Structures are given as structure tokens and as C-alpha cells.
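S.K.: Now for the letters of each chain:
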Amino acid sequence: MADAPGLMEPAEEIAYETRCAEGAIWTGTRLLIGVIAMAFAGVGFAYFYLRSVNSEGLWRPHGQTAPLLLGTEIAGAALVGAILQSYGLFRLRRGLDLDWSVATWATAGAGVLGCGLQIWELTRLGFQPGQSGYASLFVAWGPLSAALLLVGAYWSETLAARALRMKSAVAGDGGLSASQLPRARLFRASAEGAAYFWWFITTVSVLFWLLFYIV
Amino acid sequence: MAISATASAGLGQTGGPAPGAASPARGSRLNVGTAFAGAVLGYLFGHWLGNAIVSGDLYEVAFNTSTNNVAIFLALLFGVVGWLAGIGALNYPIAKIMGKEAPAEIPEEGWARFLKFTLDHKVVGIQYVVGVLMFFFTGGLIAMAIRTELLNPTSHIFGPNIYIQLVSEHGSIMMMMATSIVVGPLGNFLVPLMIGSRRMAFPRVEALSFWVFISGLMVILTAFPLGGFQTGWTGYAPLQEQSSGGMDSYLMGFGVIGTGMILAGFNMAVSIITYRAPGMRWSRLPIFAWSMLGTAGLLTLATPVLFAGVYMGALDRTAQTALFVNAHGGSSFLWENLFWFFGHPEVYIMALPGFGIAAELLPVFTRKPLFAYRVGAAGMIGVGLLSFFVWQHHLFQSGINPDMRPMFMLTTELISIPTGFIYLVGMGTLWRAKIRLELPMLFVLALYFNFLFGGITGVYLSDVPINVQVHGSFFVMAHFHYTIMGGLVFAFFGGLYYWLPRMTGSMMNETLGRIHFWMMFIFFNLTFFPLFIVGLLGMPRRVFEYAPRLQTLNDISSISSYLLGFSFVVFTINLVWTQFISPKPAPPNPWNSKGLEWTMPTPLPFHNFSRIPVILSDPYRYGEPDALPVADFGEIAAATSSTHEGLAGAQPTSSGTEEV
Amino acid sequence: MKGMPSTPEGRRLNRKHLTRLVIPWAILVIIIEPFIWFVLRNHLPPGHMTDSATGIQFDEAVVTMTGSPIVLGVLMYFGYAVTVWRVPRNAPLEDGPPIRSNIAVQAAWIAITSTIVMSMFVFGTYELVVPAGSGGGEGPTPIWTPATHKILPIQVIGQQWRWTYRYPTFGGFETDALVIPNNTEIAFHVTSLDVIHDFWAYQLGVKADANPQVDNVAFTKTQHTGRFVVRCDELCGVWHGAMYNYGQVVTPSQFMAWATSTEKKLAPMTKTLPPVNYAGYTPSANGAAGGYYPAIDPFSKVEETAVPNGKAVEDTSALRRTNPSQRAGAGSTTTKTPTGTIKKPTTPPVTNTSGKVG
Amino acid sequence: MIVLAVFAVAGSLIGYTIADYLRARPPTVNFTAGHATGQPVNLTLQTVGAIGYGPTPNWVSYLTKSPSGKWVHTTVWKVPENTRINVTVYEYDSGSPLRNQAIGQVTGVQGGTATLNGKPFNLINSFQGNGVAHTFTMPALGISVPLYGVNGSAKTFCSTAAPCHQSALHNTIKFSFMSGNHPGEYRWQCFVPCGLATVDGNGGPMQAVGYMGGFMKVVA
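Residue numbers (our numbering), protein chains in the order written: chain W, 1 to 215; chain E, 1001 to 1660; chain A, 2001 to 2358; chain G, 3001 to 3220.
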């Protein structure tokens, strides 16, 4: 807040607030994961509840299953995204800014791809929404899954775009990976959060892939 | 889902404006007017879209029922999006896609800033005051309409259609309001001042939470022209699937409000965890901030389950899924479980802030340190944790997991232990105190009085055999009005009288305030105490016809409710007169509090603290003449830089074990 | 400092205030507790028409006796504090003694509240389990059941917006009237045809939710004859408030007379009913009027599971009906209306048994 | 200025909402005016498959004939106490099997029977024939009469906006009951889940006073 009008901040205050902001990103990422995890926990609860209640024997007549190949591709997209984002972070820590950028753009692409596949899959189901408990829940889970992938893609995309704009400003200060400017430090904190978040997306995607397609 | 979009939104600020930053917020012409325009446009577009895309079976359903739920949902959804776009909440998330950094925060003057999307937590706090009062008065007027219908057991003023809509709207509006009544206005305004921070962690999330909250009121009110909903605020399925178009407003409304609650709690929790000033150890955190932390935890972790629930309900009504319809493989129990898994933590979302205010105000007006501070803080966190394990006590007679009832009876009764801590704190603080019965103190004492009855009747409800008698009756209804209105709302008004001089710089009128208090206290009790008896004598909730022998008690309640409503007229007159028409400047610290929030000049500087304070002590050092001041603003640090922690070495998340 | 907790002066003050608080409180408690037990208890709702009602009344008395000393103590404390330790508002500012904590008080508080809570839990569980669920709904397979096997089953059917009752042991006739014999163990099998209702027989001390396709069993044993009211206790739509009727506990011989004569009287109607099925009547969410799920007929694909308790399932498409205005001019949607499988005799299938009914 | 305009718009929206709300009550048809004590009241109703106009044109509905012979879209009547009410229902709607066949029973009417097109009956088996279209049921007085449906595929099936004309296919059901000697508002409603395309068939018109349920106000 060095720019704030009427406020002359000493250097240690700026450093302190930067540390606070870094902490906020760290904490915020974890809390965000908690929030989304609870929403998906609601869906997971519904899955096990409807399955155990099996109203009128209509939980999953005839072993209805959504298109397995598409579902695997979607979970795969999430996994690829997580691996790429983590690998990018690994390279960023080594000082390889460009590798990080490429990996992050690719991650965003994987997210958008997964989201698109998920929406497409919803139009290609072999059952109608109200036909069974499974069918209903799958239709409920699909858009949530697509939205989650889109959120991940958004995070990666904004980071990558931000890196492009920031490049020249931090060039003289060691680049994205080493600059001690507050904005570069916060950028790295966010990049770390994104990698963490992508593993969360993958966990959710794979868990539900197991529930909906395999079990 | 919008969280991550804005989660890192506030971060660019610390780094200052960078080349390529989005244009600064100064002079933004977007305000509540453009927001309304956006909402109307979005609504119309969504409605058109919904009518355009409905085909096949959905068309047949929409045709036969004359209600196109898809169109209603899309209209409401786009209405909310239009509203947010109109206020400018979406500017930055969109600019982010281009990689732009956050614009710098520019202070704005004048009343117009209160009608804009603003990042100053102090402005958001005041916006919230107006917002929750709008909710509260709307819900209150509807409550008086309900009581009007119940004046007579058999003849009807509104008739069943309108009556049930009124009941449902009252419940929903009040529940929405109560989740934010303290976190929104007082929490947003005071928490940074109390923890020694210049800002909230995510100011955009904070501002967004307010504008989402306000749109929630509009969404839930659209239920009236759409035919209302017949389910009460609990929205039990499959009645939910069957209900008329207003049900869509309910589901959308709770979805929207839920989003706002998540955003508000998220920002609050992260701010308290990471933005505490140096030296603000957990053991020095004001008890009000503890209550906000507990509440924020519940808001962020319980509300997503509600979101999932209303989302499923929306799908049942639009996409023809059958999640809550037993005959098609769903289960009506599923909604009950999801709803109450959120619903019970929500009860404590509405209780903790009241406890926090009471415990925060007591030391000031007893001139004593807070008694058993640690037990109080532990109680708040304990209540929060336990509240996730009690939800099926709402379902004792439902036939869901009947063999689990003793377990839920146990957890429910266990929760009365940490709740009892708040009485320990209160009674210990009053012991041999120098009690000054200022206006806010009256509200605090009223909270202890009312909550005692609310709490003890909770024990009746938690006991499964007695629950057979009182479940779903007016007894329950009186019970939760005693805890929420008698506890939280009293605490809110006490807090408002106490902190308004801090927020606006003007005192409220004492005489009018006392009239308000005594009317509210007496007629609150006269309204709701008879309803305990009415419930025990066999009157179910939400009925428009009842046994004629219960008319006298109901009439006492109804007439008292009008006078209770009138007490808020007194309050409103007081508020408008002393804050807008003829402000009376308040002294800098009118209550002689030792709290950190009273150390700054009035009006509050834009950045709260010109120097980040170093916290030296908790704010309850009454009766200790030798105690250090609550914080050091640089003067002491300059003189004795080596004797205590300073900025340089302090970690934001330091945790202390100092004995208090 | 004067009045600090550790000083002799502080200890003297503590003792003084404590004595002045505890003695009046103890006296009041000694007066109030017998009053609750001997006077108030017999007037507490819901009376003692059944064993579960009596049990509830007993529990209410016990909880009141536990709670009232607490309420009384807290109220007296606050009253005492406000009167004794109050300072005039215009008095000069003076701080109280800085008592921050007191380990003994805190430990005692936690110990006492925990003890009360645990005993309430044990008591509540005993009172739930021993009287066979104390009149509450126990789901389809109750685990706490009455000791006797002579139980009269009654199916309680909630529908929007009234209650009907079936007597499976009397040929399964269905009636609006709830008549039950005295001194008999009764099992209410509560179910619903549509949304969630709640069967609340107030004077019987019975309450159980009615869920569609779910059997919720509640037990009670009648002890006195008389009239009782049945209300719906779960919001079930616009007529929820009007969903009530009255029942009657009569002597066993009166009951037998009523039941056998009603069975005979309603025989023609009973023949048209499906066999008694505790889990509801018909597994269709579509209602008689054409469904919310028009194109979905899940049962056509499921062979075994769709026949609960051996009841034949009608083709759900027969439960649909045409909308006249749709037929009039709604174009393509008309093709979706099925003809149904209703047999179409030339004369209506109406019966007149009035000669026999009288 | 913008703000003022916004408030004006918001105010008028709120005003509209409240006004919309207040007018949501159906009118009351009064049978007490000019009624001579001891004389029966003739209550004539019709049920139509779709009301055909208004915001919900496809809702099924009851209509009431006012003393002046005009069909009124309402289900609220005012009748004197201790009076015989002769009810005539013209039933224009198609029927269906009942979810709870117990509603096929005629109860609580004078003589224990109603007439269907002149023929007395006290039970309809809804699984045969055209099924039951609606019922006329007043739980507090124990009155319930099922209304046999018409053939929905017939050429003369009523497909115009309400009220239906006598030339359309219909059944005529007649019965009588006493209004009792306790003044008050008695709920009556249809117990056939006929809210088309709603879950369990009990939404829409079934939950709206003025369509499939209403009040009989008995006055001294």
C-alpha cells in the first residue's frame, strides 16, 4: 500500500503487509478447497445415501453408466492439468519462467477441454435425468464438475496472463522466479496455490470418476 | 464458484499499481442505479432464453402448469449476474483474464460511495447495516401479517394461500438476514480495527458478498409475484418439487445468499487468521473476533452443503431429475439431511455473534476484565465444531436412522456445555463489578435473560421423548425466536448502539434508545412466551386454523407483536434523526472502552492506522492501573525498541502462550 | 489492591456475596421442586391417555425439575448483580477488581454442566428405549418394540390434505375415522401418498413423519378412553392448517363392534382397494393427473423391484390424463398423450349399495 | 437524480407486488341474500379441464353459478346455517384411476347416495370406465362425493375456455347435505391429484383457492 494517499509506509510495514498477503493466499487457497470440498461432499453424501436407500429399487437399474470413455477423458484432463501445473511450479522454482508459462497455458487448456468434454457428455447420456437415482445424481454432478474444471482453468489462465504483463517490470529484478518485489512474491504465492488447487480438482474428479463409472 | 475468481483479487494492491493495471476505481459511474438496470436487463434476457430453450417434455410440463421453471431460474440467475455487472463487481474478474492487476484503492468521499461497489471495509460495514435492516423490517412486517391472520382461530384475513406464502417468506427472509446481521455490519466494520489491520484480506470478496446479499433479498421477494412457495423456509421435498413458481425464487435466493455467506465468511476467516497486527496473539484477540472466526468457519464449511442442496432442488424442478422423489429412485430424506446438515450449523452462525457482542461489551460496562476469556473462546470454537454433528435432532420423528437418536440426543445436549460457557463468562464478569447500565448494557443483559429461556427449552427439544410432544409445534417456534431474536437480534441492536458512534461519529439518542429497549424487551417476551404454552397445548407451526381454546394466548401474542414492531419505529426515528438529520458528534471514546477500535480518531482515517500497531495486551485491562496500553503506535517502540516485539521480527501468524 | 481476589478483603467479599445468593436460592429450590413434582406434573401436556403420553409427561416434569434450579439461579444472580453491583451512570468512572479467571469456579462449572448433561442423556435414552420409542416414529424396522405380541396394527395414510386409516386385521378397510380400543398396544404404520406429513395424535403422545413409500412405525398403549385430536405437524402445502381430525379411544368391546360393522359396511369399497402395503399405495410420483416426468416410465424396465409386497403395479401411463386445451390446439405435444389402459365399459362402474348401508 | 428514479422504480415494483397480492383472493358467491329460512340453497358447480384464460390457462378448475345465473370463477360461497344445500355438479373433465381408491366412496350426503346422470350411486371403482375426475369433499362435515369422469377422447369433449357449454360432453352429479349449525369457514376441496404435470399431481390448481379448493362460509 505504498501508493496509498496520505500514507507514508516504512519499508518494514510494506514487508509485513506483503507477508500478510502471502499468508492470505496460502490460507485462502486451503479454505477455498474446504468450501468446494464441502459442496462436493454434499453430492458424495447424496450418492451414498441414495445408493443405500435404493428407493423402489431404482438407484441404478440395469447398471446404467454414463459414457465411460468420455468420463475417463475428463478425469484424465484434470490429472494432466494437475501434473502440468505442478511441473511448471517445479520449473519456476528452478528459475525457468518460460517453462512455467508454457505449462500453465497448457493447464488452462486442459481445464477448458475437460469442461467442454463434461458438457458434451451430458448431452450424450444413455438415460434420462429422472429415470433413476444414479441418473439424477449424475446429471447433478456433471455441471458441478464442469464448473470446477473451469475455475481451475480460470485460475491458471489469469496467472499466465498476469505473468506476461509482469515480465518487463520484474525483468531487472531477477525475473518472475526470483524478484523480491511484492507483486512478484504474491504472484508466486498464487502460482503455488494454483498447483495445489489443481491437485484438489484431480482428487475430486478421480474420486467421482470411480464412483460414477467404476463402482 | 466465483471465489477463486476474486480470491486473489485484492492481492495486487499491496504491490501497488503496476503498468497495465486496470483503470482505477475513482470516478466509477457504476452505482446501484446501473445495478438495477443490469438486473432488469438480465432478468428479461434470462426469461426470454428460458422460454426459447424449453422443449420436449419440459415444454409439456411448462405448458400444462403455466409455469416455466427454466425461464424463472434463468431470469433470476441472469438478473443477479446483471445486478453484479451493473454494480461493477465483475470488472476486475474479467480484467484479470487479460492479466491486469488490481487497480489501486482510492478513497471516495460523500454519501454516493455507499451506493457503489467499494473496497473500504468501513463503507461495506455501513452498507450492511442498511441492508440487514431492510431485510429485518421486511421480514418483520410479514411477521405482523402472520400474527394478524392468527388473531382468530377460524375466520381468515388472508386465506391459506397468502398465509402460507407469508409464513414461508418471513422464515426465509429472517433466516437470510440473521446469518449476516452481525458478520456483515459489525464484523466487516470492526474486525480490521480490532485486529489492527488496515484492510480485509480480500476486499473485493467482501464488497461482492454485500451486493450478492442484497440481491438475495430481491430474489426471495420475487416469489410473491411468481405465486409464492408453500414449503416454509425449510423447503421440504417433495413439496418443494410440487410448489408453484415462487419455489424457484426460494432455491435461487438461498443459492445466492449462500454464495454471499460463503464469500463473507471466507474473507472474514482469512483476514482474522492472516492480517492480525504484530503482537496480536491468539490469546490477545478480542472475544468478538473469536466469535467472528467461529462464525466464519461455519459460514464457509456448512453453507456449501446448502448450496449443493438447493442446486439439486433446482435441477429437480428444471432438468426433471428425481433426487428428492422416492418413486424415481431419489429420497425425500436426502433433502432433509442436506438441509439440516447446513441448517444446524446455521443456528450457531446466528448464535455465536450474539455471544461475541455480549462478551465484548460486558467488560466495558462492568469495568472488569473478561472473566475466563479462554473458556469463552474455547466455547465458541467448541460450539462451532459440535454443531456439525447434531443435525438429525431436527429429524427425530422422521423415521430416518431411528437407532441413531440417542447419539444425536447426546451431541445435542453436549453442545449445551460450550453454550453454557457464555453464561460462565457473563456471570463471572458481573461478579463484584461496577455495573453501569448504559443502553448497550441493557441489551446485553436482555440477551442473557432471553437466551436463558431459549437455551433451557432447547433441552426439552433435545430430549427425544419430549420431542415427540413438542417437535414441529409452536414450542419450537418460540424456542428459536428466543435464541435468535432474543439473543442475536438483541445483541445486534446493543452492538449498534455501542459502535454507531465509532462507525458514524454520532451518538444515538439515549431516551429514544431506552424507549426502544424497554418496548422491545417487554413485548418480545409477551409475544413469544405465550407461544411456548400454545405449542405445548398442541398447536402445530405454520397453521392458519387452530383450536378456539388457544385464541386468548394467540391474541396476546399478536397484539404484543404489533407493539414489538412499533419499537422498531422508535429505533428508526432515532437512527434517522441522530445519524442523518441532526447528528450529535460523539466523543472519541464515549464508553471509555480499552478496545483497540476506539484508539483511532473520528472520522476514521481511510487506512485505519497510520502506523501498524504493535499489540501489547488484550483489550480487557480494566482495574489494572499498571497495565500496558492495548497497543503501541510507534511512540513506545521508538523509545524502548528492544523490550518488546516490534514489526521487524513479528510473524503475522504468531501464536502466544502468555498467561492472562 | 483493595478487593483483589487473593486479598483477605476480596475473599471476605466473595464469601459474603456467595452466602447471600445461595441461601435464598436453596430455599426457593426446596419450595419449587416439590411443587413441580406434586402439583404441576399432572397438569403437563399431553395428559395420560396412553403410556407414551404419561412417559412424556413424566419426562417433562423431570427436565423441568432439573432446569428450574438453573434458570432460577441464573435469574437470581443477574438480578442480584444488577441491584447490588450497579453504579449510578453519572458516578465517576471506577474499575472493578481485575478478576480474570478462577480455576476452581471454571472447573466446577464445567464439571456440573457436564454431569447434568450426561445424566440427561442417560435418562432420555432410558425413557426412549424402554417404553418402545415413547410414541415417536421409529422407521420401517423398529428396534425398540413392545414386549407383547398382541399389537393392533393401524395404517395411517397421509395425503394432501387429510388422514385416512386402514385396519389390516379387519380386512383392510379404510376410513376417515380413527377408533382404537382401550388397554391395547397399538402400532401406527404411518405413510404418505405424496409429500411429507406428520401424524401427531396429541393426547396419545404419538408423533411420526409420514413419508412417501416409507413405513414409519410408532407404538403406544392406550390407558384411558376419550377423544383425541390428530393434526398434521409437518408443513404439507396450502391446506396444512386444515389437516386435522378427531379420533376416539373406546372400550375393546365397543371397538370390536365398530370394527366388524364398519368392515362389513365398507366391504364393497375395500374390494376396490389394493392389499394393505405398509410402504404406501402406488409407486408413481405422477399423480392421477399426468406426470411431472411425462416420458419416463422407470418401471417398464425393472421387473422384480417394482412390485413391493406383491402388489401389482398399474401401467403408470394409465395414470395420465389429457389436457383438453392441449388437445385443442397445442400442435405437436398432443401426440405424446397416451391412450391409457382404462377399460371402457358402456356404463359407468358405479355401485349403489345404499339399500344395504341404510 | 438517477437514484431518485431508481427508488421510484423500486417503489412502484413493491407497490405492484402488494397490489397483486391483495387481489389474489377469489370472490365470494353469496347465497344468503334473500334466502328464506327453511328453504334449500341450490348450489350449482361445474368442473372444467382447463380454465382457458388468465395467467394459468391450463389449470383445471371448479366454477360456481351465482344466484343470478352467472358462472363465476370461484370456490368460495356463503350459505346460511341449518340449511339443506342441493348441489349439482356438471363435470366436464376426463377421469383417471385414483391413487387412493377410498375416495371413490360417497359419504356424508343426505340419504347416503348421490346421483350420476340420474342414477343413484355410492361408490365408483376408478380402475374401470373413465375413472374419477374430481371429488367434492368437505372433511369437517364428512362429505365426499367422487365425480365420474367423461371420455377424454370424445368429439364433444369441452375444449373451450370456461365455462363449458351444456352441449359439451358432461356428467351431472347431484346430492344434498346440511350446512350444519356451527357458523364458520369450512374448507372443501378436490381430493383427486389433478394438478396436471406437477409432482404427485397436487401442485398448481390443487394448492390454489379458487381452483380446486375453497371455503364454504356458514353464517348464522
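Calculated directly from the structure, the hints in this document are not laboratory data.
It should be emphasised that the depicted structure is a prediction, and the values quoted were computed from it without experimental measurement.
Possibly wrong hints are sitting among the right ones.
[Claimed, not checked] Restraint ranges, calculated between C-beta atoms of paired labels, are given here:
hint : chain 1 : residue 1 : chain 2 : residue 2 : range
1    : E       : 1563      : A       : 2089      : 21 to 29 Å
2    : A       : 2037      : E       : 1563      : 30 to 38 Å
3    : W       : 167       : E       : 1112      : 19 to 27 Å
4    : E       : 1572      : A       : 2118      : 44 to 52 Å
5    : E       : 1580      : W       : 171       : 50 to 58 Å
6    : E       : 1582      : A       : 2093      : 26 to 34 Å
7    : A       : 2093      : E       : 1580      : 28 to 36 Å
8    : A       : 2141      : E       : 1563      : 48 to 56 Å
9    : G       : 3182      : W       : 147       : 52 to 60 Å
10   : A       : 2141      : W       : 147       : 36 to 44 Å
For every residue, glycine included, the Cβ atom is placed at its ideal position computed from N, Cα and C.
S.K.: Honestly, which of those hints from before does the structure not fit?
M.R.: 3
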